[in-house]
Structures are given as C-alpha cells and as structure tokens.
Amino acid sequence: MQITYDPSSLYPEFGACIYSYLRRLTQDTGLAEDLTQETFLRAIENLHTFRGEGEVSNWLYRIATNLFRDYLRTHKGKEQLIWENGEGSETGEDFLANVPDPSPALPQMLERQAAVQCVRDCIAALPAPYRATCLLYAVEGKTVEESAAILGCSKEAIKVRLHRARDLFKSLVIELCEVTPERGGDVSCTPKELLKESPS
Amino acid sequence: MNCREFIESLFEFCCGELGPNEMALHRTHLVSCPRCQQELTDTEACCSMMKACCGTEKMPAGLQQKLHELMAGCCGSRK
Chain D
1 MQITYDPSSL
11 YPEFGACIYS
21 YLRRLTQDTG
31 LAEDLTQETF
41 LRAIENLHTF
51 RGEGEVSNWL
61 YRIATNLFRD
71 YLRTHKGKEQ
81 LIWENGEGSE
91 TGEDFLANVP
101 DPSPALPQML
111 ERQAAVQCVR
121 DCIAALPAPY
131 RATCLLYAVE
141 GKTVEESAAI
151 LGCSKEAIKV
161 RLHRARDLFK
171 SLVIELCEVT
181 PERGGDVSCT
191 PKELLKESPS
Chain E
1001 MNCREFIESL
1011 FEFCCGELGP
1021 NEMALHRTHL
1031 VSCPRCQQEL
1041 TDTEACCSMM
1051 KACCGTEKMP
1061 AGLQQKLHEL
1071 MAGCCGSRK
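Which chain is which? The protein sequence lines are D and E, in order. Numbering-wise (my numbering), the first sequence opens with residue 1 and increments by one. Numbering-wise (my numbering), the second sequence opens with residue 1001 and increments by one.
If you are wondering where the hints come from, they were derived from the structure by calculation, not from laboratory data. The C-beta atom is built at its ideal place from N, Cα and C for all residues, glycine as well. Heads up, some of the hints might be wrong.
[To be verified] Examples of chain E residues lying across from chain D (beta carbon under 8 Å, computed): (1) Glu1012; (2) Glu1017; (3) Cys1047; (4) Thr1056; (5) Leu1063; (6) Leu1070.
Can you build the whole structure from these sequences, using the hints too?
Here it is, written out as structure tokens:
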C-alpha cells in the first residue's frame, strides 16, 4: 500500500529531531547540518517509494543513518569497518552464555544534571554502531523492533549492541568522571582527564 | 522465567514492547530476583540519563533557511 505524505510538512515536523540525532551521532555540527539537508532532499526525491510501513520518522532516521554510514565509508574506514563487522558476534551468545554477575551499581552522579557534559562525552566515546543504537533507543524512544528496522539489522543484533553499549557507557562514566560535592548538596562533574592536566 | 530469559528481553521489557502476558512474567520474575532488579535499575538509569542529557537541539538558523528553501523549491517544482 502506498500512502501520500505532504512533503512540505516533513521539515517543520521532523527537522529538529533529525538534526539533533545527527548532531549526536556525528559529533560534528557542520557534518550534521550537511547530512540533515541531504536527508530531507533524499526524502523528497523518494517520498513516492515510502510505503507507509512504520512511521515516516523512522524512515527519515534510516535515511539519516545510511548517509552517515556512507560518510564513514568514504572518510573513516576503520570506524565503518567496526560497523560493518559488528565488532564481533551479534548473535547474543556472548552475554547470554552466562548470566553476568551483577555489575556495580551506577554511582549517584548519574542522577545529577551536573554530569550532563560528561554523559555526552561518554556517549560520544561509544563506537558509532553502539552510539546510533543508544541514541535511537534511549534518546529518540524507538523500540527494539523500530531500531532494527532503522539500522537495517536484526532485533537480536540491536539487543546485543544495547547490552554492550550500556556496559561500556557505565565503565566510561565511572572511569572518566570525577564527582565533587558542592555547597547546597549539589555535585559537579569534571572529566578526570582535565583534572590530570590542571596544575596542582 | 529465569534470569537468562529476563536479560535476553530486558530492553524490550524496558520500553514496554512485550505483550501483556510476557510483561507480567517479567514483573513476577523481578519480584524475587535482586540480580535482575539491579540489571533493570542500571539499564533504566543509563537510558534516562542519556535522554536527559541529549534533548532535541534547535537547528541553526542557516540550516532552517536552507531547508525552507529546499522544501519550497522541491514542492514548487512538483506542482
């Protein structure tokens, strides 16, 4: 079944979401702007092929992600290789073979807004496929099934990526962030790297 | 349900993607399993923190203008 969608409503409705997603995914404002523009151009050109299977926003996320993958293929071979190969198996056998021991609880800092920049840095440090999967699931609110459709892989692969990304994100937060109590009971969060560089 | 089954579908459970019966099975398992409770707590904390720190950004004015012109051009040429 083919549905009709008003092309002029695409950008006002989804422009900010797609730009924000690409901004976080690419970690590059200029590139995010270029890819956002290209996403909507491709969408307009191919709107007649959108068959109405799923939401139009998912279709736009898929175009945006594919454009970023194309960019990596041309400019960053190594990261693209990780994406193509899934950085090892994505069958789920690794994390399901043995139910893991409970990992250390996340520190209280994860509840604090003061850690915003540190959290963004930790997301940025994730490998691109994990970053894309986390952004779609945790930030954009897509389900496992929708994320699989957008990224063009199986639900199993998405779940493996989410498990790995969560564990990696936790270790990065614990490893990279230093929490300091402030007056009034608040906390600030400083990347440990900056602490090393500052004069004693 | 055992821990292995719970962890396998943890992310589908978190976003309410499972059917009512499966959701109920997961909740029943959680009541008696501190390990899976911890897994769920950590997962929800990570997701909520990522979401809280990555809100929708406003598009730069230049990009808005470009997209506006792009849409106007494309939609105009289709008429």
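We went through each hint and held it up to the structure:
no., hint, result
1, Glu1012, "holds, 5 Å"
2, Glu1017, "holds, 5 Å"
3, Cys1047, "holds, 4 Å"
4, Thr1056, "holds, 5 Å"
5, Leu1063, "holds, 5 Å"
6, Leu1070, "holds, 6 Å"
Taken one by one, the earlier hints all hold for this structure without exception.
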